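Residue numbers (the working numbering), protein chains in the order written: chain A, 4 to 478; chain B, 18 to 304.
Since the hints were derived computationally from the structure, they do not count as laboratory data.
Everything numeric in this text was worked out from a predicted model, so none of it was measured.
Just to be clear, a hint being listed does not mean it is correct.
Lysine-lysine pairs mimicking DSS-like chemistry, simulated, CA-CA at most 25 Å apart [unchecked claim]:
hint, chain 1, residue 1, chain 2, residue 2
1, A, Lys47, B, Lys233
2, B, Lys233, A, Lys89
3, B, Lys253, A, Lys410
4, A, Lys47, A, Lys89
5, B, Lys253, B, Lys273
6, B, Lys209, A, Lys89
Quick list of the computed label-pair ranges, beta carbon to beta carbon [said to hold, decoys possible]:
hint, chain 1, residue 1, chain 2, residue 2, range
7, A, Ile37, B, Arg182, 36 to 46 Å
8, A, Pro374, B, Glu115, 47 to 57 Å
9, A, Pro374, B, Asp132, 40 to 50 Å
10, A, Phe224, B, Ala235, 25 to 35 Å
Yeah, the Cβ is synthetic: ideal placement off N, Cα and C, and Gly gets one too.
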Amino acid sequence: MGGIHPPENKLSASAPIEILPPPATVTIPLSQHIGAPAVAEVAKGDKVVVGQLIARAGGFVSSTIHSPVSGTVSAVEAVTNGSGCKVMAVIISVEGDEWAPTIDRSPTLVTECALSPSEVVARIAEAGVVGMGGATFPTQVKLSPPAGKRAETLIINGVECEPYLTADHRVMLERGPEVIVGVGLMAYALGVEKIYIGIENNKPDAIANLRRVVGEFKGGFLNQLPAIEIVPLKVMYPQGSEKQLIRALTGREVPSCALPIDTGCVVQNVGTALAVYEAVQKRKPLIERVVTVTGRGLARPSNFLARVGTPISTLIAAAGGIKTDKTGSNENPQPTEYMKIIGGGPMMGRALSNPDTSVTKGTSGVVVMSPRESVRPPETDCIKCARCVTACPMGLEPYLLSRLTQKQLWPELEAGVVVDCISCGSCAFICPSHIPLLDWIRLGKGEVNKIIRARTAPPSPATPSPAATSTPAAK
Amino acid sequence: MNILLYTILTLCTLGALLAVVLYFVAQRFRVDEDPRIDEVETRLPGANCGACGFPGCRAMAEALVARDDISTLYCPVGGAAAMSSVGDFLGKSAPEREPEVAVVRCAGSCTERPDGTAVRQRLNRFDGARSCAVVAETYSGETGCTWGCLGQGDCVDVCAFDAIRMNPQTGLPQVDDERCTACGKCVGACPKLIIELRRKGPKSRRVFVSCVNREKGAVARKACEVACIGCGKCVKVCAFEAITVESNLAYIDPTKCRLCRKCVAECPTGAIIETGFPPKVGTPTAI
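The following block holds chain B by itself, in its conformation from the complex (with noise of 0.2 Å):
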């Protein structure tokens, strides 16, 4: 009986004492955190995507909240509504940008159309690892275009928000507006530097050169029907200086762009493509 007793009275006492020991402790190395960084994270995404620059959405609420000036912090995948609403929290003026969206800038289908042609023919097949970056570390890729797209899609793999995917018409990737939260991740992945970030444009309308081809235009054109040849007749249609060709290759700054719309009708080869535009009554829709 005795030994039970003194088993109960010894435990009671040990914990008494633990209890003590824990408080002061917990006493002297608490760690004090500011509460708003709770809060600012659930403000954000919470896609920890690293769009930010941060390695997740609970670091950059600290950054948030830390800095006095976030002019510099910008969270793509929430825009504007999430560093307002950061903003208004934090009594701090919040950041606007222009939302972004994912383009390819590459039209060249490898596809073969009834007739057994394509816009960019095969010439070759490639068996190895399905990623672009194994194509691009072996060889040119499968056609005569050193430029274009791979099509093994590495760019779909590492969207976080299922905004890319192959077209199985085309073979090439296709950004769905309403889910790409323009993060910038498919832009890191692609090897060949087609995927680029640009101006959503009101309506999600667009024109741009989807095209990264810088070869002459002879060798462009031979590679792929819809190749950029640089022959700058858009350059010379354009009323507001916004398009410039460098090394073969036309670019539109999508900041003096004003959506005319001319260049795309000049264009010989058809490599400048607008999306967001109702259809023209009478014309077929492009493939």
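Only chain A is shown next, with the shape it has when bound in the complex (with noise of 0.2 Å):
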């Protein structure tokens, strides 16, 4: 159902991924994942290793946080992030780059694993990983279904449909064993029957790549699990999305406010595979990821793999600056009055309006683009042609809701099933009359959303409401 086919704009597919050293500082934010924020362990002046625990998970949603560099702690204080709102973070300066010692830093593959199931989700969760895909939630609560729900296929997502970005695409060229294992690993984890790594097809080489290793894998721990099955899948966005692969693969909808469990499914990313791969048999935890810092405004897109907490300014530099500032100069990566630096891909990504923001567990890709390509068409009025209808994905009525939202008619909306919508922007893209469509579907799910909590849980009467601090007499 619905979806699109965004110009691909793969620019740094044929990028080999590089290693980015250790910047001067890094700005590790306590919340890089979906849950509570995680609290910090370490105070100003402490000194840190890599590897090292400086947050702890803040509750059974929630992630655990490790020192991506070694050095002294400067602040744990608020900072600025990429929409501009205050965030609590852990400053670390960097001195050298002394690894915790129990962290393998080896190149050997280790394909066997001794490890009971709930061992090896016990490490994941240690680690820190949540999926790296840009949801960022946490590996370890998607490994433990809840009671009286049982997975039964485990579905690894290398789909990778946002345009622009190749991260993905590069792991699975790359560090193709090592993410068979992680898939390996998490199969065990969840005592699967099927697994399916689903591929669209524009990405050959890839598909070619894990077949390949997939084959020679011979004897040992992998043999006592399922087969593999890599899927080529035909090109369509958003099939990333949790929801429209389970579709794909299995043909089983995830019903609307159901969860992907609820159909034995679930769907992890190969870049998880990858961290999970690393935590368990490493014993390293989640403090690099692969970044794709790409689009026309950049000189040199490329794939880095970069520490968490380092500034996304650093990794435009390193990709060779901006090619066409206002100035004409690469040296200042601000973003300039036409142009958009976009945190995560160009579809489901935002606008930074902080360049110097860091990279977090779930920044997939940067994405720097030109003068030409951020200008937004001007908006004109909706000629009721329903290609917004057709695009979207979960079946939705795009123009109806932006509309709703308008008008702040709620329950309207929530009969509309505004929860369902998955933020893909395909009604937005596709829009003739330029209509932000999800601009305003974005703002109407919050509304219904809080509207929903409120009447499940009746609010306590501790807390004030936010019309209170209106009046001048709760000054």
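If you follow the hints, you should be able to join the two separate chains into one complex; please do so.
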């Protein structure tokens, strides 16, 4: 159902992953994942080494954070994130590159695993692994299905349907064996009956490489698991979304407001598989990730293995800097009036208002759009062509939802199942009138979610309503 | 011929019978409505804006007629005139309230001056849906000040009286005192809670802090030249104890302020604004 075909623009598909040295200082936000923010375990002045725990999980749906560098903690304070909001972060000034002794840094592939499934999940939780596709849902939570539900299918997401991004593609090409062992570990932890790896047809080299790697694994730990099936998929955005991928691979549809586990599926990204391999077999926490730094505004689109906390501006500089600055210089990677720096892919990512914000566990890419690309055509009236309805992968009516939001008709909006919107942006992309449909729908979805939350859990009298602050009496 | 006769007779009988039935039904289910409700409704402005807390003027009129004590009911749009007219008609004591007006508590214009700078420097440009609510949901805004006006005009869109417009020079909303009825719609529409209903004051003369930034002084000042930095100079100079500073932001209590304007002169950033006063001789008019 639905879907669109945006131009692929995979500029950095042939650029091998380069290892980026640690920067002078790193800023590590304490909320890099979905769920409760982590709680800082270090204070100003503490010495840390690479892989040392600096923040513990703040709840069940939360994740631990480890130091990606060695050095001294210079502050634990609120910093401005990419959206201009204040978030708590640990700031570390880098001294040398000393790793924790527990981490196995040798390149040898460890295929054997003598741990029990629950020990595998525990190691993943310890290492702070989260979904690397961008949603950053803590992986250990996904690998522990709630009581009464069983995962029978593990789906590995190698779709990478976002235009421009090539991080997963490069991981599948260069780290194939590690990814496959990671997949095996997750399948072992879940006890699944089927394993699929879904890859779009626009990455034939990745399909061939993973098929070769799977064929080469003989004996050992992986043999006790069901066979890994690599499924080439038709190219379609947003096929990399969980619900769409489950449908494409198994024919099952996740019901409204249900989770993938309700259809017996668990979906994990290839980047997560790599992180799981490193966490379990090498005891290496999630401290670095592959980031695609690309876009027509950049001199040299690249894929970097960057430490978490590296400033985005450092990545841009490493990729040759911004090509056409207003002044023509490459020195200052500030977004000029004409450019956009997007954290994530161009469809679902967010334009950054602050290029000094740091790489987090979920930063799959940085797209620097050239002045020509970043111009939004002026909005005109809706012509009721219903192309947004055709494009919506969730079967919603985007034109209606955006209109209802503008009119603040929240009950009608809830009846339109706005909460099912996955914010893929297909509607806004396809709209011939250039209406920013997703902007409105996102706003409406937030409001409806607030209403639903208030209905299910009545607010305690201790929490003042935001309206109370509007009256001068409350000052 | 007979057919025609029977038809006419049947229909007439049927009509007469149903008329009798309808008469008795109308008697049995008659609704007696207080005729005063209609009269009170005509004395209300008929804007159906909801400022009184009722879903329209009719519902307000019903409440005014039904309740013995109407001191808690007030129509800010009709003001004292409408309320006293209603009070006289119903023979109830009409509530009195000071007329109020909406004030915009942000003076951080992002419009560039000839030298390329602005009171509040624009650091990026938002090109999504034209709505303050969408901007507030998406990110902190175009400038370094995360508290100030987002400039997309949600307050303008919501005003039923055309009393608030974006000033093309400053890019900030501007309230027309004559048209503003203090219905409070704009107060609720602003996601940054910038607009406040304040005492209109004699001859529309008001003194207020035109800033809502609660950052520390240095941070606020860096983001905006006319931000309140919470220095407290105004508190010291005020003879009537009308000014309080809380979380780095001064607030002038309109019930205590005597419009002496000492604080306006004292404020180092010009965050305190006076309106409605005749221009002082020899001072250039501020933009």
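Taking the hints in turn, this is what the structure says about them:
At roughly 22 Å between alpha-carbon atoms, Lys47 (chain A) and Lys233 (chain B) fall within 25 Å of each other, so this suggested pair holds. Between Lys233 (chain B) and Lys89 (chain A) the CA atoms are separated by roughly 14 Å; this keeps the pair inside 25 Å, and the hint holds. Among the hinted pairs, Lys253 (chain B) with Lys410 (chain A) is inconsistent with the structure: their alpha-carbon atoms are about 47 Å apart, more than 25 Å. Taking the CA atoms of Lys47 (chain A) and Lys89 (chain A), the gap is near 19 Å; set against the 25 Å cutoff, the hint holds.
A C-alpha spacing of about 15 Å is found between Lys253 (chain B) and Lys273 (chain B), which places the hinted pair at or below 25 Å, so the restraint holds. Of the pairs offered as hints, the one joining Lys209 (chain B) and Lys89 (chain A) holds, with about 16 Å between alpha carbons and a cut-off of 25 Å not exceeded. The hinted range of 36 to 46 Å is satisfied by Ile37 (chain A) and Arg182 (chain B), whose Cβ atoms lie roughly 42 Å apart. As the Cβ distance of Pro374 (chain A) to Glu115 (chain B) is approximately 53 Å, the hint placing it in 47 to 57 Å holds.
Separated by about 25 Å at the C-beta atoms, Pro374 (chain A) and Asp132 (chain B) break the suggested range of 40 to 50 Å. For the hinted restraint 25 to 35 Å between Phe224 (chain A) and Ala235 (chain B), the CB-CB distance of approximately 59 Å leaves it violated.
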